[in-house]
Each structure stands twice: as structure tokens, then as C-alpha cells.
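Required output: the full structure, derived from the provided sequences and hints.
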Amino acid sequence: MRFTPRSEIPPAVFLNDPDEVAQLCERYSRMDGPIGFDTETSGLDFDGLLVDSYVVGLCTHDHRVAISTYESGCSEILRTLSKFLPETQDRHCGWNVQYDWNVLYGYTKYGFGWSRPIELETCWADGMKLFCLFDEEGEDTYGNRRLKDRARHWLGLPMNDFDSIAQKMGFRWAMSENRDLAIDYATRDAWAHMGLCMLGQKVTESMPWCMACPECGSYCYEQDPRKKHEWKCIHHGWVSGGQPLTMWDWHVRRDIPFLKLLQRMQIRGTPMDWAYLEESIQPLEMALEQKKREFYRVIGDAFYAKYGVRRAFNINLNSHDQLRVLYHGTYDRDGNPCGFGFKQGDKTDTGNASMGKKSLQKLMAVQQAPGVLQLLEFRKLDKILSTYVRGIIERRFPFDDNLHGIFRPWTTTGRLLSRDPNMQNFPTRDVVVMLPPAAPYVPTIEEMTAGNAEGWGMSLEEAEEELAQPQYQEREMRVNIRRAVKAPKGFKILCADYSQLEIRLTAHESRCEALIKVLKDGLDMHCYAAARAFESALNGVGYDEIYEAKQWDDGDTGPRHLELFKLAEPGQAERILQARLQGLLPAEKPRAMETLAKVASMRARWDGTEDGFGEFVQNSNPELYLEACGLLGTRDYELLNLRKSAKSAIFGIIYGIGPTGLAVQITEATRKPCTVKEARSLIESIRDVVFPGIGRMINRQKHTLRTKGYVRTGMLRYRHPAGIYSGDHGKRARAERQASNSPIQGLAADVVMAAMLAIEVDAQMNAWGCSLFSQVHDELLVLVPEEFADVALERLKLLMEISHGVDTPVPLTATGHAADTWDEAK
DNA sequence: TCAATTGGCGCG
DNA sequence: ACCGCGCCAATTGA
Numbered sequence: 133m134r135f136t137p138r139s140e141i142p143p144a145v146f147l148n149d150p151d152e153v154a155q156l157c158e159r160y161s162r163m164d165g166p167i168g169f170d171t172e173t174s175g176l177d178f179d180g181l182l183v184d185s186y187v188v189g190l191c192t193h194d195h196r197v198a199i200s201t202y203e204s205g206c207s208e209i210l211r212t213l214s215k216f217l218p219e220t221q222d223r224h225c226g227w228n229v230q231y232d233w234n235v236l237y238g239y240t241k242y243g244f245g246w247s248r249p250i251e252l253e254t255c256w257a258d259g260m261k262l263f264c265l266f267d268e269e270g271e272d273t274y275g276n277r278r279l280k281d282r283a284r285h286w287l288g289l290p291m292n293d294f295d296s297i298a299q300k301m302g303f304r305w306a307m308s309e310n311r312d313l314a315i316d317y318a319t320r321d322a323w324a325h326m327g328l329c330m331l332g333q334k335v336t337e338s339m340p341w342c343m344a345c346p347e348c349g350s351y352c353y354e355q356d357p358r359k360k361h362e363w364k365c366i367h368h369g370w371v372s373g374g375q376p377l378t379m380w381d382w383h384v385r386r387d388i389p390f391l392k393l394l395q396r397m398q399i400r401g402t403p404m405d406w407a408y409l410e411e412s413i414q415p416l417e418m419a420l421e422q423k424k425r426e427f428y429r430v431i432g433d434a435f436y437a438k439y440g441v442r443r444a445f446n447i448n449l450n451s452h453d454q455l456r457v458l459y460h461g462t463y464d465r466d467g468n469p470c471g472f473g474f475k476q477g478d479k480t481d482t483g484n485a486s487m488g489k490k491s492l493q494k495l496m497a498v499q500q501a502p503g504v505l506q507l508l509e510f511r512k513l514d515k516i517l518s519t520y521v522r523g524i525i526e527r528r529f530p531f532d533d534n535l536h537g538i539f540r541p542w543t544t545t546g547r548l549l550s551r552d553p554n555m556q557n558f559p560t561r562d563v564v565v566m567l568p569p570a571a572p573y574v575p576t577i578e579e580m581t582a583g584n585a586e587g588w589g590m591s592l593e594e595a596e597e598e599l600a601q602p603q604y605q606e607r608e609m610r611v612n613i614r615r616a617v618k619a620p621k622g623f624k625i626l627c628a629d630y631s632q633l634e635i636r637l638t639a640h641e642s643r644c645e646a647l648i649k650v651l652k653d654g655l656d657m658h659c660y661a662a663a664r665a666f667e668s669a670l671n672g673v674g675y676d677e678i679y680e681a682k683q684w685d686d687g688d689t690g691p692r693h694l695e696l697f698k699l700a701e702p703g704q705a706e707r708i709l710q711a712r713l714q715g716l717l718p719a720e721k722p723r724a725m726e727t728l729a730k731v732a733s734m735r736a737r738w739d740g741t742e743d744g745f746g747e748f749v750q751n752s753n754p755e756l757y758l759e760a761c762g763l764l765g766t767r768d769y770e771l772l773n774l775r776k777s778a779k780s781a782i783f784g785i786i787y788g789i790g791p792t793g794l795a796v797q798i799t800e801a802t803r804k805p806c807t808v809k810e811a812r813s814l815i816e817s818i819r820d821v822v823f824p825g826i827g828r829m830i831n832r833q834k835h836t837l838r839t840k841g842y843v844r845t846g847m848l849r850y851r852h853p854a855g856i857y858s859g860d861h862g863k864r865a866r867a868e869r870q871a872s873n874s875p876i877q878g879l880a881a882d883v884v885m886a887a888m889l890a891i892e893v894d895a896q897m898n899a900w901g902c903s904l905f906s907q908v909h910d911e912l913l914v915l916v917p918e919e920f921a922d923v924a925l926e927r928l929k930l931l932m933e934i935s936h937g938v939d940t941p942v943p944l945t946a947t948g949h950a951a952d953t954w955d956e957a958k
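In terms of our numbering, the first sequence is residues 133 to 958.
It should be emphasised that the hints constitute simulated quantities derived from the structure, not laboratory data.
Take these hints with a grain of salt, some might be off.
As the list claims (entries may be wrong) - Here are the simulated distance ranges between beta carbons: (1) A407 / P805: 44 to 50 Å; (2) E417 / Q683: 36 to 42 Å; (3) K515 / G587: 42 to 48 Å; (4) T799 / G373: 54 to 60 Å; (5) K515 / R767: 34 to 40 Å.
As the list claims (entries may be wrong) - Distance condition first, Cα-Cα at most 25 Å in a straight line; then the derived DSS-like pairs of lysine-lysine: (6) K490 / K515; (7) K682 / K649; (8) K834 / K779; (9) K360 / K334; (10) K515 / K424; (11) K215 / K392; (12) K424 / K494; (13) K840 / K364; (14) K364 / K649; (15) K490 / K424; (16) K475 / K438; (17) K958 / K779; (18) K834 / K360; (19) K360 / K840; (20) K334 / K280; (21) K652 / K364; (22) K494 / K779; (23) K779 / K682; (24) K479 / K512; (25) K424 / K489; (26) K479 / K515; (27) K929 / K392; (28) K241 / K215; (29) K512 / K958; (30) K438 / K489; (31) K494 / K475; (32) K804 / K475; (33) K840 / K863; (34) K479 / K490; (35) K779 / K804; (36) K359 / K840; (37) K958 / K621.
All C-beta atoms, glycine included, are put in the ideal place defined by N, C-alpha and C.
Shown next, in the form of C-alpha cells:
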């Protein structure tokens with residue numbers, strides 16, 4: 133029996149009788165062919181892992197059924213399903229099956245009562261993922277809504293709108309009051325899944341992928357352009373006669389196992405130190421309050437200085453609108469001054485004055501806008517508190533206390549996305565929280581030494597000694613969200629990442645000889661590019677000198693740094709800074725003064741040891757550090773800037789940056805103005821002269837896009853950017869940038885995916901009890917019993933390096949650490 | 001009251 | 001007018 137997409141949809145039946153369900157399952161088991169598979173649930177907690185109740189929707193080519201699992205007799209029905217579903221799993225046609233697998237696996241109140249009866253391992257196809265392989269990129273690429281659109285578009289199938297009813301009125305209500313509609317909905321989805329998966333199979337079977345080596349079966353990704361039947365096997369060289377594979381094979385062999393792996397990661401969850409998060413709430417709140425008060429004070433004073441009027445400000449620091457009025461507004465309707473009336477600088481997309489970090493800093497530097505430092509501090513702390521502390525705490529999973537974020541494989545480039553919460557954007561750096569002194573009141577020296585009724589009557593020495601007590605000092609606390617990702621007792625976290633993955637894959641993709649040589653020789657490519665691109669201006673200074681200078685920017689504490697810091701006698705940095713103060717704009721002075729104070733206090737606190745120095749460097753920003761070492765304005769500092777420029781250019785080129793964008797970028801990175809002309813020539817020089825292969829690669833990808841309508845990664849996965857034939861020049865240019873970038877980003881994603889699959893099935897890793905629980909694009913996180921931490925780390929890195937199966941001209945190397953927290957393991 | 005939009009910012 | 005993402009708070013519009 134053949135399913136045709138436009139065939140008549142059969143009527144739907146509802147079953148809640150155990151015997152009838154058993155009979156039906158019997159019948160479905162006996163026949164063969166795809167089974168449409170779906171679940172409808174009462175709630176959407178934790179991506180289906182925690183629902184009250186659910187209904188299973190199934191269909192075959194001539195039958196649709198909704199099976200109730202929460203009414204009387206549901207335990208028996210569930211027992212039937214827990215046998216039937218695994219038996220037939222390799223016939224299931226799903227749509228985002230991770231969700232349905234979670235529903236069946238997860239905690240459900242009815243039936244077995246908060247238990248986990250069914251675990252499915254695989255399915256025949258997942259339409260959502262399958263369509264990503266070939267369907268056009270729409271406005272709304274993700275989400276369930278696309279099922280409706282695609283069913284209508286590809287199958288001509290009318291879809292109803294039970295979703296919104298169920299969501300508004302509750303699933304149980306909808307099932308009881310609107311049962312016919314509900315049944316039709318649940319089974320219609322299953323029907324659409326089946327139709328779309330079968331259609332997707334047809335389409336993807338006609339998309340060539342790679343060849344399986346006739347000798348060893350490994351995937352060969354490289355085809356001889358002249359002799360089309362010959363493919364390059366990483367083990368056997370040029371071979372022919374192997375089995376040609378299609379994107380359908382990719383889906384079956386790679387995507388389906390990967391979906392299961394992602395679901396495993398989801399149900400394992402990320403182990404968290406909840407106490408750490410809880411404990412950081414109050415300090416963050418206090419610091420926020422403090423920053424807000426400082427902001428009000430600073431703008432209040434400035435307002436008074438400008439208008440001679442005191443005004444109480446009660447601005448919401450999160451409101452762009454109110455900030456816009458404050459900085460750019462002049463007089464309100466009643467003729468009262470309401471803002472500073474600064475001239476507008478950058479604009480947002482909609483033409484409003486930008487209140488972003490960059491624009492505010494510009495406003496501060498050029499027009500002496502007050503309160504910017506306080507506002508930016510406030511934003512930083514607020515981000516941490518609201519997104520990462522509160523946002524994560526509220527997703528604590530009640531059953532195992534882990535964090536069960538969602539991983540989905542749906543991005544246009546093949547990368548994963550992570551949400552609820554997004555665990556791929558946890559801040560990497562510490563955030564410093566300054567807390568007010570513990571003492572409720574800090575007296576001034578004058579008060580302490582005054583002899584009158586209000587004074588303390590102390591001598592100057594006594595007063596100073598008293599003020600030096602810890603309770604009068606501002607306290608500094610560091611918060612790092614990655615510290616909250618913590619292995620439970622007896623376990624360690626392994627964190628391993630690829631070094632320069634995208635760069636190395638650029639070398640692979642472009643076959644650029646210069647780039648390959650740089651990476652093979654272990655040179656620093658940014659230094660190399662700087663040396664070559666600025667050759668004529670460097671007067672014989674070359675790679676080595678720039679590399680020497682780079683050491684200053686490393687953040688690691690080489691002996692040279694220590695020596696220089698020792699040599700720079702106390703006060704040297706301070707003197708240099710003082711001298712610099714003369715030449716600064718008034719608005720830049722507060723920052724410089726702040727730096728000065730920090731250097732002084734750092735030096736005062738430095739205990740003279742190497743460890744202490746390391747801490748000093750770590751806790752400083754690079755610029756502060758350079759200032760402390762008296763390095764600003766030296767030749768090394770200039771070389772450092774050249775390297776920074778080259779680095780910006782290299783990343784920019786990979787992203788398809790334009791001269792204007794790069795000029796801005798370099799100006800920011802080096803804090804020295806870069807003209808558009810300079811930026812343009814730098815781009816051309818690096819792209820076409822220093823690494824000419826990169827320029828050729830970009831042109832090749834653009835050409836492929838224009839002629840074929842898609843580009844492919846090194847593992848031969850496809851991407852179809854939207855807008856390639858658009859009349860809008862901007863849209864077309866965007867598609868071209870995507871085309872030159874996604875083969876790289878996509879191949880990186882493919883490599884990591886291959887490594888993850890290898891790690892998941894690796895007998896040794898499993899024997900040691902390792903479990904992969906998170907991924908951040910080029911970084912993998914594994915939980916391991918501590919006695920195996922060291923061996924497992926080595927194995928993990930090895931698997932990452934060898935299991936991708938791509939014949940790269942430079943090895944893909946991994947580095948990593950084992951520790952109790954993610955922060956330490958990074 | 002709720003969904004959608006906007007602006008800003010975290011990550012690789 | 002720099003690739004790929006997700007989340008938060010405020011605001012807006014129905």
C-alpha cells in the first residue's frame with residue numbers, strides 16, 4: 133500500500149478501552165510501513181519531561197487513532213503502549229520527536245503516577261529535521277507552526293487550530309468539551325508527520341551525499357573532479373565502486389541517532405550548585421541598588437550644574453525611552469527642562485537614538501554625558517541577575533535538581549541551539565560586584581576627629597586606623613555563572629574544546645597553502661597576517677617581534693611579565709598614567725583615574741609572589757595590565773595593535789564584513805581610529821595576498837550559490853540561504869555572506885556532531901561512566917566519576933580529534949581540563 | 001490582559 | 001551594511 137500525499141485522510145477514532153487499544157496495537161504491529169506518531173500533552177513543562185497527562189496520536193495509511201492515557205484503565209493502556217511503541221519505533225514518523233520521546237520517558241502524573249514508563253531509542257524519520265535538509269529557509273524556521281504551513285503547502289492538507297484552544301482552556305477541558313476536534317487534531321498531526329516524512333524521504337533520496345568506501349565503509353567526502361566515480365577515503369586513498377549515499381542516508385545514519393543523543397543530554401541535565409546561585413542574589417541586588425543610586429546622584433548633579441535646578445530623577449534604568457529623554461530630551465510640554473539635550477549620534481534600526489553601550493560611551497567621550505559608567509555597570513549586573521541567576525533558578529527541575537535545558541539541531545548552519553535556559557551563552561568572565569561596607573555608616577575623617585558633640589574626638593592616627601577596619605571597606609565579590617555548573621560529589625566535569633576550529637576548517641575548505649603552512653608550523657596566524665599585511669610599514673620588523681609583543685596580551689603569566697612588573701618600580705605606572713591624564717578629554721578622565729586607583733591598589737595588595745601576580749593579571753583587563761607594566765605607547769604596544777587589527781580582519785573576512793564595519797571594529801579593538809580606506813586595504817591584503825586561498829574560496833562559494841542555489845559543507849551537507857535571487861541588493865548580499873560563512877560554520881558543526889556521536893557510543897567512555905551533558909558549539913562537557921577523570925579526559929580529546937572522518941590538511945586539535953566546576957575546567 | 005515588537009547583550 | 005543563536009524588560013497595539 134502506497135501513501136500518496138494528497139490521498140483522502142481517513143476518519144479518526146478515539147480509544148480509551150484497554151482491550152481495544154491492545155487489539156489496535158496488535159493490528160498495527162502486524163502490518164508494515166510507516167506509522168505517523170505524535171503526542172498531545174496537557175502542559176509544556178520542561179519540554180515534555182514533566183506533564184500531567186497525554187494522548188498518543190497514531191496513524192497508518194488508512195487509519196487514524198488517538199489513544200487516551202489518562203482516563204480509567206490508563207495503566208493497562210500504558211503497559212500495552214510500553215511494549216507496542218518500542219517494538220514499532222523504527223517505523224515512527226515524528227515531527228520534533230525529541231519532545232514526544234520526552235513525554236513518554238518523562239514524569240507523568242497519571243497512569244503510572246509520576247513515573248517514566250517508556251523509552252524510545254529511534255524512529256524512522258523526523259520530519260522537522262528532515263525538512264531542514266532541503267526546504268527553503270522561511271521567516272519562521274523553527275517551531276511547531278511550521279508543521280501546519282508545510283502540511284498545507286506540501287500535502288495540501290487543511291490543518292485545524294486546536295492548539296490555541298488547548299492552550300487557552302487547558303488540554304483536559306479541550307479533550308472533554310471538544311473531543312472530536314481534539315481527536316482530529318491529534319491524529320491529523322500524526323497524519324501530517326507521516327506524509328511529510330515520506331515526502332522528505334523522496335526528496336532527500338535524490339540529493340547526493342557521499343560514498344561509502346568499498347574497503348572499510350567509512351564516508352568519503354571528496355570527489356575527484358575529473359573522474360567522478362572516484363572518491364577519497366581517509367584510509368584507502370582514491371577508491372571507486374562503493375555505495376553512493378544520499379541525504380536520506382545522512383538523516384537515518386546521523387540525524388536520528390543524534391536526536392536520541394540530544395534527548396539523552398536533555399534528560400541527563402546539567403548538575404548545578406544551586407546554593408551558589410541563591411547566595412549571589414542578595415549581593416547582586418544590593419549592588420544594583422547601589423549603582424542605581426550612584427546613577428541618580430551623578431545625573432542629578434550634572435542636571436543641577438546645567439540648569440541650576442535640583443530635580444528628583446526616578447528613571448527606570450531598563451527603559452530606553454526614558455534614557456533617551458534624559459540624554460537627548462530638552463524641555464517637556466510644560467517648558468521644564470527634562471533632559472540634557474545632547475546631540476544624537478548613532479541610530480537604531482527604527483531611527484531612534486541608540487542607547488547601546490557604544491553610543492553611550494561615545495556620548496560620554498564627546499559630550500560629557502553623565503552617568504554612563506554607572507548605567508553600563510547597572511546593565512551588566514542586571515543581565516547577570518535577571519537572565520542568569522533568576523532565570524536559571526526558576527528552571528530547577530524538581531525530580532533530580534539538575535538543569536534540563538533543551539538542545540535542538542535546527543539552526544540554518546547545522547549548529548545546535550540551546551534554550552530554556554540557553555546554556556550556550558553563560559558568561560565566561562567573572563562579574564565584579566562591589567558591595568557597600570558592612571558597617572551601616574562610614575564616618576568621615578572630619579567627623580571622627582572633630583571634638584564637638586557630633587564628633588568622635590579621635591586623633592588623626594586613630595581615625596585612620598579605625599577607617600582601615602574591614603567593616604568600613606567596600607567589599608569585592610566575583611560572580612561567575614559557570615561556577616554554578618558543578619559536578620556532584622565523587623564526579624568531575626570534563627570540558628574540552630577544539631582550538632581554532634573554524635580557522636582550521638577554513639584552511640580545509642580553502643586549501644589555502646599559506647594558511648595551511650601557518651597552522652602546520654604552529655605559528656600564530658594573526659601575528660603572521662599582521663607581519664605580512666603591514667610589511668611595508670614595519671621597516672624590517674617581522675613575525676617574531678609581533679609574536680613577542682603578543683605575549684603581553686596573553687593573560688597567561690609568563691616570567692617576562694613578572695620581571696617587568698618587578699622592574700617597574702612602584703609609582704612608574706602611576707606616573708605614566710598621570711602624564712596621560714594631561715592629554716585626555718575631560719570625559720575620559722574618570723576612567724583613567726579609576727584605572728590609576730586600581731593599579732595602585734593592586735600593587736599595594738600584590739604579595740610579591742608569582743601566584744599573586746597571576747591573580748593580579750587575571751583580575752585586570754589587558755589594558756590596565758599594560759598600563760601597570762608601563763607598556764603603553766611603546767613599540768610592543770603598537771605591534772599589539774597591528775595584531776589586533778589583523779585579527780579583526782581575519783574574523784571579519786570569514787563573516788563577510790565590509791570596510792566600514794571593519795573600520796569600526798578595529799577602532800574599537802585598538803582604541804585608535806581606523807579609516808574605511810585603511811580597513812578596505814587591510815581586507816584586500818589579507819584576503820587576496822596574505823591568504824589568497826580564502827579569497828578564492830569566498831568567490832567559489834558565491835559562484836556555487838548563484839549557479840546551484842545552495843552551498844555545501846565539507847561533509848557535503850546542504851544549505852539553501854533565502855533571498856539569493858531577490859531584487860533587493862541588501863538581501864542578496866546577505867545571502868552571499870551566509871554562503872561564504874556557512875560552509876565553515878556548518879562543517880565545524882558537523883565535526884562536533886561526529887565527535888559527540890563517537891563519544892556517546894565509545895565503549896571505554898561508557899565503561900568509565902562518562903556522560904555527555906552539554907555542548908557549546910566547539911566545546912563539549914562531560915560528567916565522569918572522579919577516579920576516571922584523567923583517562924577520560926585524554927580519551928575525550930582523542931575522540932574529538934580523530935572521529936570526524938574529514939581529510940583535513942591540518943589536524944583538528946582539542947584541549948581540555950577536568951575540574952569540579954565548568955569555570956575551573958575551561 | 002496578552003502577544004508581538006524593539007533594543008540591548010550574553011555566547012561561539 | 002558582520003555569521004549563527006536566545007533571553008530579558010519595556011513598550012505597543014489589539
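Checked hints:
1. Look at A407 against P805: about 48 Å separates their beta carbons, and that is inside 44 to 50 Å.
2. The hint said 36 to 42 Å for the Cβ distance between E417 and Q683, and at roughly 40 Å that hint holds.
3. With their beta carbons about 44 Å apart, K515 and G587 fall inside the hinted range of 42 to 48 Å.
4. Between T799 and G373 the Cβ separation comes to about 57 Å, which falls inside the hinted range of 54 to 60 Å.
5. Look at K515 against R767: about 38 Å separates their beta carbons, and that is inside 34 to 40 Å.
6. Distance restraint check for K490 and K515: the Cα-Cα separation of roughly 17 Å lies within the 25 Å cut-off, and the hinted pair is therefore satisfied.
7. Of the supplied pair hints, the one linking K682 and K649 holds, its CA atoms being roughly 20 Å apart against a limit of 25 Å.
8. About 23 Å separates the Cα atoms of K834 and K779, which keeps this hinted pair within 25 Å; it holds.
9. Note on K360 and K334: the hinted pairing holds, with a Cα-Cα distance of about 24 Å set against a maximum of 25 Å.
10. For the given pair, K515 sits about 14 Å from K424 by alpha-carbon distance, which is consistent with the 25 Å threshold.
11. Between K215 and K392 the CA atoms are separated by roughly 19 Å; this keeps the pair inside 25 Å, and the hint holds.
12. A threshold of 25 Å between alpha carbons decides the hint, and for K424 with K494 the separation of about 21 Å falls inside it, so the pair holds.
13. This hinted pair checks out: K840 and K364 have alpha carbons roughly 23 Å apart, not beyond 25 Å.
14. Annotation: proposed proximity of K364 to K649 holds, straight-line Cα distance about 22 Å (limit 25 Å).
15. Between K490 and K424 the CA atoms are separated by roughly 20 Å; this keeps the pair inside 25 Å, and the hint holds.
16. Between the alpha carbons of K475 and K438 the distance comes to roughly 15 Å, so the proposed pair stays at or under 25 Å and holds.
17. The suggested pairing of K958 with K779 holds, with an alpha-carbon distance near 23 Å, which does not exceed 25 Å.
18. The hinted pair formed by K834 and K360 meets the criterion: a straight-line CA distance of about 23 Å does not exceed 25 Å.
19. Taken as a hint, the K360 and K840 pair is honoured in the structure, with Cα atoms around 18 Å apart against an allowance of 25 Å.
20. Under the criterion of a C-alpha separation no larger than 25 Å, the hint pairing K334 with K280 is consistent with the structure, at around 20 Å.
21. About 22 Å separates the Cα atoms of K652 and K364, which keeps this hinted pair within 25 Å; it holds.
22. Restraint check for K494 and K779: the C-alpha separation of about 24 Å stays at or below 25 Å, so the hint holds.
23. Distance hint between K779 and K682 is fulfilled; the C-alpha atoms sit about 12 Å from each other, no more than 25 Å.
24. This hinted pair checks out: K479 and K512 have alpha carbons roughly 22 Å apart, not beyond 25 Å.
25. Annotation: proposed proximity of K424 to K489 holds, straight-line Cα distance about 17 Å (limit 25 Å).
26. Under the criterion of a C-alpha separation no larger than 25 Å, the hint pairing K479 with K515 is consistent with the structure, at around 23 Å.
27. Of the supplied pair hints, the one linking K929 and K392 holds, its CA atoms being roughly 22 Å apart against a limit of 25 Å.
28. A C-alpha spacing of about 20 Å is found between K241 and K215, which places the hinted pair at or below 25 Å, so the restraint holds.
29. A distance of roughly 22 Å separates the Cα atoms of K512 and K958; the hinted pair therefore holds under the 25 Å criterion.
30. Restraint check for K438 and K489: the C-alpha separation of about 24 Å stays at or below 25 Å, so the hint holds.
31. A C-alpha spacing of about 11 Å is found between K494 and K475, which places the hinted pair at or below 25 Å, so the restraint holds.
32. Restraint check for K804 and K475: satisfied, since their Cα atoms lie roughly 23 Å apart, inside the 25 Å limit.
33. At roughly 18 Å between alpha-carbon atoms, K840 and K863 fall within 25 Å of each other, so this suggested pair holds.
34. Taking the CA atoms of K479 and K490, the gap is near 11 Å; set against the 25 Å cutoff, the hint holds.
35. For the hint linking K779 to K804, the alpha-carbon distance of about 15 Å falls within 25 Å, and the restraint holds.
36. Distance hint between K359 and K840 is fulfilled; the C-alpha atoms sit about 21 Å from each other, no more than 25 Å.
37. For the hint pairing K958 with K621, the CA-to-CA distance comes to about 19 Å; that is within 25 Å, so the pair holds.
When held up to the earlier numbered hints, the structure conflicts with none and fits them all.
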